[in-house]
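Asker: Sequence order for the protein chains is A and B.
Counting in our numbering, the first sequence tops out at residue 108, every number present.
Counting in our numbering, the second sequence tops out at residue 341, every number present.
It should be emphasised that the hints constitute simulated quantities derived from the structure, not laboratory data.
Each statement offered as a hint is correct.
Beta-carbon label-pair distances, calculated as ranges:
id, chain 1, residue 1, chain 2, residue 2, range
1, B, Ala225, A, Ser46, 52 to 58 Å
2, A, Asp49, B, Asn103, 16 to 22 Å
3, B, Gly124, A, Gln69, 29 to 35 Å
4, A, Ser46, B, Glu252, 33 to 39 Å
5, A, Ala65, B, Asp258, 48 to 54 Å
6, B, Pro173, A, Glu12, 30 to 36 Å
7, A, Asp49, B, Gly149, 39 to 45 Å
8, A, Asp8, B, Asp258, 49 to 55 Å
9, B, Pro173, A, Asp49, 46 to 52 Å
Within a straight-line C-alpha distance of at most 20 Å, the following computed EDC-like cross-link-like pairs (lysine to aspartate or glutamate) qualify:
id, chain 1, residue 1, chain 2, residue 2
10, B, Lys208, B, Glu130
11, A, Lys96, B, Glu82
12, B, Lys66, A, Glu43
None of these values were measured; they are calculated from a predicted model.
Beta carbons: idealized from backbone N, C-alpha and C, even for Gly.
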Amino acid sequence: MAEVQLSDQNFEAEVLKSAVPVLVDFWAPWCGPCRVQGPIIEELASEVDAGKVKVGKLNVDEHSATASQYGILSIPTLALFKGGQVVEQFVGVQSKETLRAALEKHAA
Amino acid sequence: MPEQELYDTIIVGAGAAGMTAALYAARRAMKVLVISQDIGGQAATTNEIENYPGVDFSDGPSLMNKFKAQAEKFGARFVFAEVQRIEKGTDETNKPVFSVFTNTQSFQGYSLILAYGLTHRHLGVPGEKEFGGKGVSYCATCDAPLFKGKTVAVVGGGNSAVDAALLLAKICPRVYLIHRREDFRAEAVLLEQLKQPHIELVLNSEVKEIFGDARVRSLVVCDVADKSKERKIETEGVFIEVGFVVNSKIIEGLVELDERKQIKINLNAETSESGIFGAGDITNISHKQIIISAGWGATAALKAYEYLQKVRGFRGVTIDWGLAKKPTVLATPTDPAAAKP
Numbered sequence: 001m002a003e004v005q006l007s008d009q010n011f012e013a014e015v016l017k018s019a020v021p022v023l024v025d026f027w028a029p030w031c032g033p034c035r036v037q038g039p040i041i042e043e044l045a046s047e048v049d050a051g052k053v054k055v056g057k058l059n060v061d062e063h064s065a066t067a068s069q070y071g072i073l074s075i076p077t078l079a080l081f082k083g084g085q086v087v088e089q090f091v092g093v094q095s096k097e098t099l100r101a102a103l104e105k106h107a108a
Numbered sequence: 001m002p003e004q005e006l007y008d009t010i011i012v013g014a015g016a017a018g019m020t021a022a023l024y025a026a027r028r029a030m031k032v033l034v035i036s037q038d039i040g041g042q043a044a045t046t047n048e049i050e051n052y053p054g055v056d057f058s059d060g061p062s063l064m065n066k067f068k069a070q071a072e073k074f075g076a077r078f079v080f081a082e083v084q085r086i087e088k089g090t091d092e093t094n095k096p097v098f099s100v101f102t103n104t105q106s107f108q109g110y111s112l113i114l115a116y117g118l119t120h121r122h123l124g125v126p127g128e129k130e131f132g133g134k135g136v137s138y139c140a141t142c143d144a145p146l147f148k149g150k151t152v153a154v155v156g157g158g159n160s161a162v163d164a165a166l167l168l169a170k171i172c173p174r175v176y177l178i179h180r181r182e183d184f185r186a187e188a189v190l191l192e193q194l195k196q197p198h199i200e201l202v203l204n205s206e207v208k209e210i211f212g213d214a215r216v217r218s219l220v221v222c223d224v225a226d227k228s229k230e231r232k233i234e235t236e237g238v239f240i241e242v243g244f245v246v247n248s249k250i251i252e253g254l255v256e257l258d259e260r261k262q263i264k265i266n267l268n269a270e271t272s273e274s275g276i277f278g279a280g281d282i283t284n285i286s287h288k289q290i291i292i293s294a295g296w297g298a299t300a301a302l303k304a305y306e307y308l309q310k311v312r313g314f315r316g317v318t319i320d321w322g323l324a325k326k327p328t329v330l331a332t333p334t335d336p337a338a339a340k341p
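Next up, chain A with everything else stripped away, as it sits in the complex (with noise of 0.2 Å):
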């Protein structure tokens, strides 16, 4: 399954209110680590389980409610949503190994 596109609109239907954890890139085009991490993250959303986890994408610059009401002050910052709340984070670039450890320890 492809990343989903998070907007300030849809991150409360996608993310908030999502029945399985949605991990999050917060990421924006200006940023060059962000476009090292963008393939990892579309790896990794095609190979998960679409039943069990979810994987998304947010652009800050185009996005900055939702960006700011997380505190978000680096990117690429990775965050792992379950059931509303941020259960896990990571700052800076992240390897699709560590990411799926974490979805697979909070999809358990």
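For this one, chain A is given, so just place chain B on it according to the hints.
Answerer: Chain B alone, transformed into the frame defined by chain A:
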């Protein structure tokens, strides 16, 4: 049981050096694995590259993704993971085999190319780690826009610190530039631009601690000569630009390092350990540039190929550069012992 796979060469790192090594090794028909946490390394964090010959202008990520695609085109495999440990062993014929371990997998290689570059130097002060992602940043070009309208501080005295201060000064009402010395190492043309009323230079000072709640609120600096002389600075951002260091955890004891923990290589990109090669910023070369790293990556791959020919009688593609019409002749091994039937 962790996955075990055998490669002709395992390249650790996917910056300019590692990916060029992957391209050259793959074009010699070597079975190539690249293990890296990211793609492009430091080059991918820059938005402007104007000094890579043949490329008028590119941003870092685009150029680095081209490096990757080209290496993959010739068969190199990439794995996104952090290397935890490297072990040297031997196979049944008593020839060296290197085992590379990640969190969940292990891979074996007949040769190894270390090219994982440098990482950000940290200040090592209380609050720095705690407020990572909460106001402490190591990438001004990434995070500056998130501090628009806020008071911020930059730590460092080189070009990257001054660049960061100038970038932030465009969008922030107050910028402190904290530097351990009186003089800056940055270029004069940049220093001239620092003369702006809302940029304050805090010289001969070092950061002692960073404070905050859910995010950074202030920091305390002290005088370098007299540490009892302290000053509190209210700030919401701390941009740390104090250079780069080698993360030597996985190579300590494996290969010889210099006093800066950089891998010592010779003109053949060979390290102190036979079968292990080094390339790019992680080595003791003098200039950290994309083209130079790429050049060393190519050297390391070609020398790894020669090593495999000598030690294992490896027969890959011996003539490159599209000269396939000429009869293929195995390059004569330079080691007379290896030439014996």
